[in-house]
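Protein chains: 2
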Amino acid sequence: MISVDEALAHLFSLVAPLDTEEVPLQQASGRVMSADAVARRDQPPFAASAMDGYAVASDAVRPGARFTVIGEAAAGHGFGGEVGKDQAVRIFTGAPVPAGTDRVVIQEDVIRDGDSITLADALDDNAYVRPAGGDFRVGDRMEAPRILGPADIALLASMNIPAVTVRRKPRVALISTGDELVMPGDKPGPDQIIASNTFGLKAMLDGIGAEARILPIARDTRASLIAAFDLATGSDLVITIGGASVGDHDLVGDVAAELGMERAFYKVRMRPGKPLMAGRMGEAAMIGLPGNPVSAMVCGKVFVAPMIRAMLGLGAERAPLLTARLAHDLPQGGPREHYMRARLDDGVIAPDTRQDSSLLSVLAGANALMIRPVDDAPRKAGDLIEYLPL
Amino acid sequence: MISVDEALAHLFSLVAPLDTEEVPLQQASGRVMSADAVARRDQPPFAASAMDGYAVASDAVRPGARFTVIGEAAAGHGFGGEVGKDQAVRIFTGAPVPAGTDRVVIQEDVIRDGDSITLADALDDNAYVRPAGGDFRVGDRMEAPRILGPADIALLASMNIPAVTVRRKPRVALISTGDELVMPGDKPGPDQIIASNTFGLKAMLDGIGAEARILPIARDTRASLIAAFDLATGSDLVITIGGASVGDHDLVGDVAAELGMERAFYKVRMRPGKPLMAGRMGEAAMIGLPGNPVSAMVCGKVFVAPMIRAMLGLGAERAPLLTARLAHDLPQGGPREHYMRARLDDGVIAPDTRQDSSLLSVLAGANALMIRPVDDAPRKAGDLIEYLPL
Chain L
1 MISVDEALAH
11 LFSLVAPLDT
21 EEVPLQQASG
31 RVMSADAVAR
41 RDQPPFAASA
51 MDGYAVASDA
61 VRPGARFTVI
71 GEAAAGHGFG
81 GEVGKDQAVR
91 IFTGAPVPAG
101 TDRVVIQEDV
111 IRDGDSITLA
121 DALDDNAYVR
131 PAGGDFRVGD
141 RMEAPRILGP
151 ADIALLASMN
161 IPAVTVRRKP
171 RVALISTGDE
181 LVMPGDKPGP
191 DQIIASNTFG
201 LKAMLDGIGA
211 EARILPIARD
221 TRASLIAAFD
231 LATGSDLVIT
241 IGGASVGDHD
251 LVGDVAAELG
261 MERAFYKVRM
271 RPGKPLMAGR
281 MGEAAMIGLP
291 GNPVSAMVCG
301 KVFVAPMIRA
311 MLGLGAERAP
321 LLTARLAHDL
331 PQGGPREHYM
341 RARLDDGVIA
351 PDTRQDSSLL
361 SVLAGANALM
371 IRPVDDAPRK
381 AGDLIEYLPL
Chain V
1 MISVDEALAH
11 LFSLVAPLDT
21 EEVPLQQASG
31 RVMSADAVAR
41 RDQPPFAASA
51 MDGYAVASDA
61 VRPGARFTVI
71 GEAAAGHGFG
81 GEVGKDQAVR
91 IFTGAPVPAG
101 TDRVVIQEDV
111 IRDGDSITLA
121 DALDDNAYVR
131 PAGGDFRVGD
141 RMEAPRILGP
151 ADIALLASMN
161 IPAVTVRRKP
171 RVALISTGDE
181 LVMPGDKPGP
191 DQIIASNTFG
201 LKAMLDGIGA
211 EARILPIARD
221 TRASLIAAFD
231 LATGSDLVIT
241 IGGASVGDHD
251 LVGDVAAELG
261 MERAFYKVRM
271 RPGKPLMAGR
281 MGEAAMIGLP
291 GNPVSAMVCG
301 KVFVAPMIRA
311 MLGLGAERAP
321 LLTARLAHDL
331 PQGGPREHYM
341 RARLDDGVIA
351 PDTRQDSSLL
361 SVLAGANALM
371 IRPVDDAPRK
381 AGDLIEYLPL
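Chains L and V supply the protein sequences, listed in that same order. First residue of the first sequence: 1, per the UniProt record's numbering; consecutive thereafter. First residue of the second sequence: 1, per the UniProt record's numbering; consecutive thereafter.
Take these hints with a grain of salt, some might be off.
Note that the list lumps identical chains together, so a pair holds whenever it fits in one copy or between two copies.
To be verified - Here are the simulated SDA-like pairs of lysine to any residue, each with C-alpha atoms no more than 25 Å apart in a straight line:
#1 380 x 362
#2 380 x 346
#3 274 x 320
#4 169 x 233
#5 85 x 65
#6 85 x 127
#7 169 x 26
#8 267 x 317
#9 85 x 367
#10 169 x 29
#11 267 x 143
#12 169 x 149
#13 85 x 4
#14 267 x 124
#15 274 x 373
#16 380 x 188
#17 169 x 13
No lab work stands behind these hints, which were simulated from the structure alone. Since this is a predicted model, take the numbers as computed values, not measurements.
Looking at chain L on its own, in the form it has when it is part of the complex (with noise of 0.2 Å):
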């Protein structure tokens, strides 16, 4: 058996980051910005007024001082001309701070009477001025790879870039196999179940940035995993569900290697999910996993997303594991690295009592899966233990 690390680096051998394509801003959100985004400009363009008032010279500025006020600066509308030392100009906020003053005086520390104002006696420190490039000046980097998040792109709304460039999402393939599943919405026979897994995977891939399609169900026979390869033609991955533990149903891996696929299995030191099969079939990635339906969306989680991640130019690394403290103590763990459904309220996470891998039920209950190591020692409440958030 191998070690999680030992099959992750085995996945990340399959893959590559993608090619790019250029998306409107307006598309960007949540997609992996792949080049450096480079400010057009300086933010602000201009020295501007922080708030409503009055812009004068801070050095006339004491209380009890009277000016003339010969103009007014509005946002997109400046003032023209020369302030001079007894004079100012009403400001409003966003307005560029005109020639000859440089600092605004609330109007709430203002007494005006016609065209003149008078300061109030208690004045603030503060000059209301935010510096011409104060939040960015041009050539100033946003740096790739980014998960462009909303206040990225707004912040690349305001450097003037109206499209990104983005990594391609990965296109995925996902084949249910077996004779024992049916589609929701089809009536199952007696030995049947509805299959689950494409579609949760689905989900959980969809929204880490990648475009998964289901499949239809490939039967126990050559005949329809060949169909079902061929349908998936096009894919960047392609994942297979169930089929492929060592027992004596082990199709898939047969005919994806009839198809040319450089297989390997992987027994890995982990619960849920021993068995993985993996290689590459012509352009695309290959990965077979467990068919219980929480084992197979444990593995997407562990195996799977990152090796989405990577396809996206986020590194070839392990998902980064969180910290939170113990319930309760639990006893010696066992010999494979055990990813337990968990709640985790608080900071304080405690692992369901009911661990079975068929068990989707609690797997949608469970908010974090808490990881116990290969012959973990037994811990304490209030341990510090590791977790992935789901």
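Put chain V on the given structure of chain L with help from the hints.
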């Protein structure tokens, strides 16, 4: 001035849960399920093998016992007959456990010789049988409202639910106002800047389940604002950004009032984002946000996101706050609830040294809004403090 909670109470009074629609399961991830889903079957629908091995009667199991193999049960293809005490059936994971058997001896514990098997000397206690209905039973419910995640989607599939009832996505119109703005990609005049708020807000609101549209920038004229509001027709929520302060340029409120909005102005005891305008205009709720980029995004998080959640039927509640430990001491806080741009790393939070509400670069570098309550006492490094994740 009113508190953030008082402002939210006003805003919640403007919205209600939207009507519902049915979507196929493949498109339901991230949507808000609005009616309980009820399992249409037991899972597993029969007692099923948890391993590859041999199904036998448990009371015939002892070290060295011999059985005659009379058939095979695979997933999707059960064994039809009855199994006697000295008989066994070859069984694979997921197959129905045949009548007359209640235990699976794993293949590693069996020596097979033609049609007969002999059990090993050391056997574990596990029956390796998953009871019928062990995951869920007919009539078991997934309760609404619920934001559907990948494991929920898998569980719904398994329950044989091909489509789910969800809230319609709130339609949001985003209107930037101001003569100082141009769209990204356009060439700004000397006193102009690039519109960024609508782009950041669209990404934020789409990300929590809305369907936001960026309308053309409204200029500081009646005609331009009327045209923008006209384009917003059919929206559930109209958001204007800028032009809502109490200054001389409050055209937005005047035009909205002309168009029938019962408006209210709120000065909220918070930083950034003091001024808000809100009301109802025809079929839509309307909210006017401050034009400063960081203020607009913070108000999006603190006010608009909870309105969206209320429209999605998730309740009229403030976003739940999380807690982290302060990285360093903080002096006495101010008279307004302060949403500070901060970095959270491994449970420790540190506010950025630059908190000016114009700095998008600081917001894009932050991953949390750290919250200091009104008149917050000085804090020590290591104290717990509340935050909103970004």
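Here's how the hints hold up against the structure:
Proximity of residue 380 to residue 362 under the C-alpha cut-off of 25 Å is restricted to the intra-copy arrangement: shortest distance 24 Å within a copy versus 40 Å between copies. Within a single copy, residue 380 and residue 346 get their C-alpha atoms as close as 18 Å, and across copies as close as 21 Å, so both meet the 25 Å cut-off. When the C-alpha separation of residue 274 and residue 320 is checked against a cutoff of 25 Å, the pair qualifies only within one copy, where the shortest distance is 21 Å, while the shortest distance between copies is 38 Å. Taking the closest pair of Cα atoms, residue 169 and residue 233 come within 25 Å of each other only inside a single copy of the chain (16 Å); across copies the shortest separation is 34 Å, beyond that limit.
Only within a single protomer do residue 85 and residue 65 lie at most 25 Å apart by alpha-carbon distance; the minimum there is 11 Å, versus 107 Å between protomers. Taking the shortest Cα distances, residue 85 and residue 127 sit within 25 Å of each other inside one copy (16 Å), while across copies they are farther apart (93 Å). Both within a single protomer and between protomers do residue 169 and residue 26 lie at most 25 Å apart by alpha-carbon distance, with minima of 16 Å and 18 Å respectively. Taking the shortest alpha-carbon separations for residue 267 and residue 317, only the intra-copy value of 20 Å comes in at or below 25 Å, while the best inter-copy value is 48 Å.
In the homo-oligomer, the alpha carbons of residue 85 and residue 367 never lie at most 25 Å apart, since the shortest distance is 64 Å inside one protomer and 44 Å across protomers. For the identical chains of this complex, residue 169 and residue 29 are neighbours both inside a copy (13 Å) and across copies (18 Å), given an alpha-carbon limit of 25 Å. For the homomeric pair residue 267 and residue 143, neither the shortest alpha-carbon distance inside one copy (39 Å) nor that between copies (38 Å) is at most 25 Å. In this assembly of identical chains, the alpha carbons of residue 169 and residue 149 lie at most 25 Å apart whether taken from the same copy (16 Å) or from different copies (20 Å).
Taking the shortest Cα distances, residue 85 and residue 4 never come within 25 Å of each other, neither inside one copy (72 Å) nor across copies (42 Å). Taking the closest pair of Cα atoms, residue 267 and residue 124 come within 25 Å of each other only across two copies (21 Å); inside a single copy the shortest separation is 70 Å, beyond that limit. Taking the shortest alpha-carbon separations for residue 274 and residue 373, only the intra-copy value of 15 Å comes in at or below 25 Å, while the best inter-copy value is 50 Å. Taking the closest pair of Cα atoms, residue 380 and residue 188 never come within 25 Å of each other, the shortest separation being 46 Å inside a single copy and 62 Å across copies.
Taking CA atoms no more than 25 Å apart as the test, residue 169 paired with residue 13 passes inside one copy only; the shortest distance there is 19 Å, against 41 Å between copies.
Violation of the numbered hints given earlier is confined to hints 9, 11, 13, 16; the remaining hints are satisfied by the structure.
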